[in-house]
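> Could you build all of it, start to finish, from the sequences and the hints given here?
Number of protein chains: 2
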Amino acid sequence: MIIRRLNTKDADFAAKFSELVAVDSSVDPEITRRAEAIVEDVRKRGDEAVLEYTNRFDHMDAKSMEEFLLTEEDLKKALETLPEDQKQALKTAAQRIRSFHEHEIGQSWSITEKDGTKLGIRYIPLDSVGLYVPGGKAAYPSSVLMNAMPAHVAGVGRIVMVVPTPGGKPNQLVLAAAALAGVKECYTIGGAQAVAAMAYGTKTIPAVDKIVGPGNAYVAAAKRYVFGTVGIDMIAGPSEILVICDGKTNPDWIAMDLFSQAEHDELAQAILLTPDAEFADKVEESIKRQLPNMSRKEIIEASLKNRGAIIVTDSIDEACRVADTIAPEHLELSVEEPEKYADKIHHAGALFLGAYTCEALGDYCAGPNHVLPTSRTARYSSPLGVWDFQKRMSVLQVSKEGAEKLGHVADVLARGEFLTAHSASSMYRVSELEKK
Amino acid sequence: MIIRRLNTKDADFAAKFSELVAVDSSVDPEITRRAEAIVEDVRKRGDEAVLEYTNRFDHMDAKSMEEFLLTEEDLKKALETLPEDQKQALKTAAQRIRSFHEHEIGQSWSITEKDGTKLGIRYIPLDSVGLYVPGGKAAYPSSVLMNAMPAHVAGVGRIVMVVPTPGGKPNQLVLAAAALAGVKECYTIGGAQAVAAMAYGTKTIPAVDKIVGPGNAYVAAAKRYVFGTVGIDMIAGPSEILVICDGKTNPDWIAMDLFSQAEHDELAQAILLTPDAEFADKVEESIKRQLPNMSRKEIIEASLKNRGAIIVTDSIDEACRVADTIAPEHLELSVEEPEKYADKIHHAGALFLGAYTCEALGDYCAGPNHVLPTSRTARYSSPLGVWDFQKRMSVLQVSKEGAEKLGHVADVLARGEFLTAHSASSMYRVSELEKK
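So the sequences go chain by chain: A and B. Position 241, counted from 1, in the first sequence is what full-length UniProt numbering calls 241; the numbers after and before it change by one each time, with no gaps. Position 291, counted from 1, in the second sequence is what full-length UniProt numbering calls 291; the numbers after and before it change by one each time, with no gaps.
I should point out that these hints are in silico values taken from the structure, not numbers from a laboratory. Since we're looking at a predicted model, the values are computed, not measured. We put the CB at the ideal spot given by N, CA and C, even for glycine. Among these hints, one or two may not hold up.
[As the list claims (entries may be wrong)] Pair ranges (Cβ atoms, derived):
{"#": "1", "chain 1": "B", "residue 1": "D61", "chain 2": "A", "residue 2": "G157", "range": "52 to 60 Å"}
{"#": "2", "chain 1": "A", "residue 1": "S108", "chain 2": "B", "residue 2": "G201", "range": "22 to 30 Å"}
{"#": "3", "chain 1": "A", "residue 1": "R56", "chain 2": "B", "residue 2": "R321", "range": "46 to 54 Å"}
{"#": "4", "chain 1": "A", "residue 1": "K203", "chain 2": "B", "residue 2": "R33", "range": "20 to 28 Å"}
{"#": "5", "chain 1": "A", "residue 1": "G157", "chain 2": "B", "residue 2": "S108", "range": "25 to 33 Å"}
[Unchecked claim] Sample of chain A residues with no beta-carbon within 12 Å of chain B, all distances over it, derived:
{"#": "6", "residue": "L6"}
{"#": "7", "residue": "G247"}
{"#": "8", "residue": "S315"}
{"#": "9", "residue": "D324"}
[Said to hold, decoys possible] Footprint (simulated), chain A over chain B, 3 or more residues, beta carbon under 8 Å:
{"#": "10", "stretch": "222-230"}
{"#": "11", "stretch": "246-253"}
{"#": "12", "stretch": "382-391"}
{"#": "13", "stretch": "399-408"}
Spelled out as structure tokens, the structure:
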């Protein structure tokens, strides 16, 4: 079996389906314990502890924290010295991501009532944000753009990047992406120690207000632990793609779209839903034919075998209903007239409409963010965006006349809650009462 | 000492100030352990466990879950049978909160590029939300309005409320507020068991997608534990007020504003910043004079003594800078021409401008939400709002021409990340290549 086949008509579909989409959210308590110990140590000993852990885990021999610092100039130089095709591709992607995210900027607003009372919401960029970038093979320049650009567009004053360099040499594409996305300060450190340094601050690295970006289990545990001291983004699970196809897209395209998710990780999930059983056969055949040529064939094979599926449905409508229960990170509606079905999808991180809109275009350069809710969290959460780097503040300015009117309302409700200072504070502003 | 006095000029100000504003975010591991055990038990045994824990902790003798159900009719009846002044005050507050929050509704948008490529963001209400309401004395009808109304305005399909009734009798004001805020389903259960029931679902209570609302340490621990399975709102710390006053507001008003926060909780924090040392004396005198008349004088006294302060500053400008480092939940700028200073404040949950805008008006009926970031989290987080009950989905529809252009960009970047299936998937959409 290269990929499991289900049919919504099968008697045991419900059971097999729920087994397929079960989310393993278990956390290794030993990793949590070790990550938390590192965080507490960095909190206590600062730079000294960061230096020790970095030398130990990343096989470095640094004498001081300064050796880990990369300046804005270092990042710009990385961009300038890239091969021309990479430089241009990165610039095009950065420009498109920037331009899309500019539409996401929240605008302050206020309303003024007849009595002069003004009420509104002010949008304010965060002061400082820390971006975690994994080292080694999983160091994705596209993720640097996707994480840092919305912060940059939001107007965050200070964007710090950390990226471990266990081999010693930083990935030039990653540094170039950082230069394009407004990063001006970078440290070649990683792991729980880097998260702790950004959360609590050290002598070398001033604390930030929020930490974003993907990382391994230690990084995730450290982020969870420091949450509250700083803000964090979501903790991402394995990547997922769900393709709904009417059978009219080239089966090789669909097979490759499934591969493009499966190649990330053996735990990634790639699912095809189609009402066309013959098309299902064709995609399976294409998977078998194309797989041997893929550079990451072992990972793809394991992912498809463990967590992949082709599900034959009654109709496109039924496929949309099944997809909604999965709430996938990425959903391709590879059908003719996708607009007819788009509104039937309520739960997905990103929706890709039509055969030409493959997920990979969204991953790199279409413009929308590729950091998306996984593990069914699209039911209640959203892509990373400028909204994650602006906060809102309520602003209230009640007029004398307004205070008189509202004071009586607050008074009644405060007494109903036995909060008499709230009541007195409101009634002090009621002018008739003052005159008594 | 009724309240501590600091002066920014004092040699030991920095040390005393950081002691004053230190946040104790420690969590009792024993409470966490017990809450998690209850959650896991409810996850396993469902209704049976909820029934057992509710009977045990709330001293009930229910035979079945049905006894905990309150229907939409029960809620409406509670509203109808309220005393007229309470009914009117609640309706006015509900209407104002609704009307303010309607401005917060996120609107879907999309842009169309020259080549026909369409990119955008769709806003979608959550399917279902659970609202936790504490029982007993801390059952605040205003909190029901503030938590449920934004969900209702967002268009959430199902809003479930849980409220424990350890005495047996539910608070009629709470039920009435629920009726006004679109709650149609209510259970008189509470604690970690209620959180677990809403997160995982039981036979009687279908699972929700997000849980909001304040609760005790068990509820907070349970919410933290189920996060990921469902969304949660922030975990609130003790309430805080910071008043900046130029000395021109009636000192009795300011003293009462400090009381209105202090009366919540012995751990609540009330701080006055003023450049006018004589005014500081007057407020202190007013505190001494008014305190004995307050119904919650013991709580107020403890709060002011433990965590309160009057801080004399150099200027209003300096007061704004000090306030910004505290990032308080509520900030009153009780000065003449508050507009001159408002933009100097970057970190606060809600900003109250001018002497007539006391916090209590915002707590009950001005319109903006009273669920606000505490414990310095206003540096990176926002008031509760419609944005917490709508999620966003990216929608991409790349045209044939757009795919050709973007495909080459994605191809270069994907190869830079050694993700060749991403590259092949993109290049399948490049038409020149197809012709080869």
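> Can you list which hints this structure breaks, lowest number first?
2, 3, 4 and 9
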